[in-house]
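Engineer: Below are the chains, spelled out letter by letter.
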Amino acid sequence: ETGVTQTPRHLVMGMTNKKSLKCEQHLGHNAMYWYKQSAKKPLELMFVYSLEERVENNSVPSRFSPECPNSSHLFLHLHTLQPEDSALYLCASSQGLLANEQFFGPGTRLTVL
Amino acid sequence: GIQVEQSPPDLILQEGANSTLRCNFSDSVNNLQWFHQNPWGQLINLFYIPSGTKQNGRLSATTVATERYSLLYISSSQTTDSGVYFCAVVDSGAGSYQLTFGKGTKLSVIP
Numbered sequence: 001e002t003g004v005t006q007t008p009r010h011l012v013m014g015m016t017n018k019k020s021l022k023c024e025q026h027l028g029h030n031a032m033y034w035y036k037q038s039a040k041k042p043l044e045l046m047f048v049y050s051l052e053e054r055v056e057n058n059s060v061p062s063r064f065s066p067e068c069p070n071s072s073h074l075f076l077h078l079h080t081l082q083p084e085d086s087a088l089y090l091c092a093s094s095q096g097l098l099a100n101e102q103f104f105g106p107g108t109r110l111t112v113l
Numbered sequence: 114g115i116q117v118e119q120s121p122p123d124l125i126l127q128e129g130a131n132s133t134l135r136c137n138f139s140d141s142v143n144n145l146q147w148f149h150q151n152p153w154g155q156l157i158n159l160f161y162i163p164s165g166t167k168q169n170g171r172l173s174a175t176t177v178a179t180e181r182y183s184l185l186y187i188s189s190s191q192t193t194d195s196g197v198y199f200c201a202v203v204d205s206g207a208g209s210y211q212l213t214f215g216k217g218t219k220l221s222v223i224p
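As you go down the protein sequences, you meet chains A and B in turn.
Numbering of the first sequence is given in the numbering used here, commencing with residue 1 and proceeding in unit increments.
Numbering of the second sequence is given in the numbering used here, commencing with residue 114 and proceeding in unit increments.
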């Protein structure tokens, strides 16, 4: 248990569906991250929020839309995804940016049919 | 951007054996973390070690920042040590905070 939870743990969706992934951290951190882990590829950073402001968007397609309503919660809204978006989506948090240790949630395994 | 290379990519050990995993990185860093990813995908923090040496039970790690490498030692391996071990770094370039991951070392410990 790392203090970061994610729901759902598994998600299967069609290309026309809209769904959301949720992340919650109980560590009192003020920075949160979304990462994507595809088969055979290293983890890739998608989005970063610090103090509820987005500070990083690594050329992620607009069909992925993040939301950070407060420092403890992070969402990833999904719509009109493609089969190649099937992956493990990991949330992480840290106290501040700039080299501070990051702690990860258990991930949501997403399958797009 | 910074490059992170891990070796070996795959490792098979007999239970009880020792092993050393290596992580090389191409630029100076101000964060280096080792993770163990279990079969369910959970990334478990092992060490936060931008420099120096740390030990935690059967695991220890050493980072030689000036030579741009880190080593993870696993002693008396157990089947529960199986999984993928990742090294991840943050480039010490101004304003950088992105964790860049290596491709991992897949460890299989057999009874």
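Hints are computed from structural coordinates only; laboratory data are not their basis.
Keep in mind the model is a prediction, meaning the values are calculated, not measured.
The reader is advised that the hints may include incorrect statements.
In the DSS-like style, the derived pairs of lysine-lysine whose C-alpha atoms are separated by at most 30 Å in a straight line are [to be verified]:
(1) A:Lys19 x B:Lys167
(2) A:Lys18 x B:Lys219
(3) B:Lys167 x A:Lys22
Simulated restraints on C-beta separations [claimed, not checked]:
(4) B:Gln127 x A:Thr16: 31 to 39 Å
(5) A:Thr111 x B:Glu128: 44 to 52 Å
(6) B:Thr133 x A:Lys18: 44 to 52 Å
(7) B:Ser120 x A:Thr80: 16 to 24 Å
(8) A:Thr80 x B:Lys219: 29 to 37 Å
C-beta: ideal position from N, C-alpha, C; glycine also.
Engineer: Would you mind marking each hint as holding or not holding in the structure?
Structural biologist: The hints, checked one at a time:
no.	hint	result
1	A:Lys19 x B:Lys167	violated, 42 Å
2	A:Lys18 x B:Lys219	violated, 35 Å
3	B:Lys167 x A:Lys22	violated, 34 Å
4	B:Gln127 x A:Thr16: 31 to 39 Å	violated, 50 Å
5	A:Thr111 x B:Glu128: 44 to 52 Å	violated, 34 Å
6	B:Thr133 x A:Lys18: 44 to 52 Å	holds, 47 Å
7	B:Ser120 x A:Thr80: 16 to 24 Å	violated, 40 Å
8	A:Thr80 x B:Lys219: 29 to 37 Å	holds, 34 Å
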